[in-house]
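J.: Sequence:
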Amino acid sequence: MSTAETARLLPWSTLDGNPCFLRGDGTGYLSRVADSIESVQLGMAGELLGHAADMLADDKATPDQLRFALARMSESLRDVHRIAESRGARLPVRSADEDDDSVVQSGEMSE
Numbered sequence: 000m001s002t003a004e005t006a007r008l009l010p011w012s013t014l015d016g017n018p019c020f021l022r023g024d025g026t027g028y029l030s031r032v033a034d035s036i037e038s039v040q041l042g043m044a045g046e047l048l049g050h051a052a053d054m055l056a057d058d059k060a061t062p063d064q065l066r067f068a069l070a071r072m073s074e075s076l077r078d079v080h081r082i083a084e085s086r087g088a089r090l091p092v093r094s095a096d097e098d099d100d101s102v103v104q105s106g107e108m109s110e
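At position 73 of the sequence shown the residue is numbered 72 (numbering that gives the first Met the number 0), and the sequence of numbers has no breaks.
Hint data in this document are derived by calculation from the structure and do not stem from the laboratory.
Idealized CB from N, CA, C, for every residue including glycine.
Warning: the hint list may mix true and false statements.
So the derived label-pair ranges between C-beta atoms look like this [what the hints assert, rightly or not]:
hint, residue 1, residue 2, range
1, 65, 29, 35 to 45 Å
2, 95, 50, 42 to 52 Å
3, 71, 12, 16 to 26 Å
4, 35, 76, 18 to 28 Å
5, 65, 25, 36 to 46 Å
6, 11, 59, 31 to 41 Å
With the hints as constraints, model all of the structure from the sequences given.
T.: Structure (structure tokens):
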């Protein structure tokens with residue numbers, strides 16, 4: 000696999016709402032800050048999923064409560080989608096001559 004240098008989509012935007020990108024090897028201070036923010040966002044998304052499931056199971060949840068939960072879910076999904084785009088863009092590019100049929104199991108390559 001080869002890795003072309005790709006700018007990393009950061010988990011925050013400019014003041015104008017434009018995406019922020021970072022070039023580098025992924026080991027610098029800003030990369031670590033971005034990793035930390037993404038970790039928090041993913042953790043919050045997991046907690047929100049549990050909360051949403053609880054609310055959906057509660058027959059006494061009001062429309063306003065459900066609307067609030069849905070708004071938070073939308074925000075969370077936007078964050079998770081951005082993380083997926085950022086990480087997907089940084090995946091190594093497979094060359095045409097690489098074997099696509101090999102499977103990694105327990106750290107070993109097998110056919």
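J.: Assuming the hint says 31 to 41 Å, is it satisfied by the Cβ distance from residue 11 to residue 59 or not?
T.: holds, 37 Å
J.: Kindly confirm whether 36 to 46 Å is satisfied by the beta carbon distance between residue 65 and residue 25.
T.: About 40 Å separates the Cβ atoms of residue 65 and residue 25, which means 36 to 46 Å holds.
J.: Is 42 to 52 Å right for how far apart the beta carbons of residue 95 and residue 50 are?
T.: Check passed, 46 Å falls within 42 to 52 Å.
J.: I want to verify a distance hint. Is the separation of the beta carbons of residue 35 and residue 76 within 18 to 28 Å?
T.: holds, 20 Å
J.: Taking the Cβ atom of residue 65 and the Cβ atom of residue 29, is their distance within the range 35 to 45 Å?
T.: Since the Cβ atoms of residue 65 and residue 29 sit about 38 Å apart, the hinted range of 35 to 45 Å holds.
J.: Check the following: the C-beta atoms of residue 71 and residue 12 are separated by a distance inside 16 to 26 Å.
T.: holds, 19 Å
In summary, the structure agrees with every hint in the numbered list given earlier.
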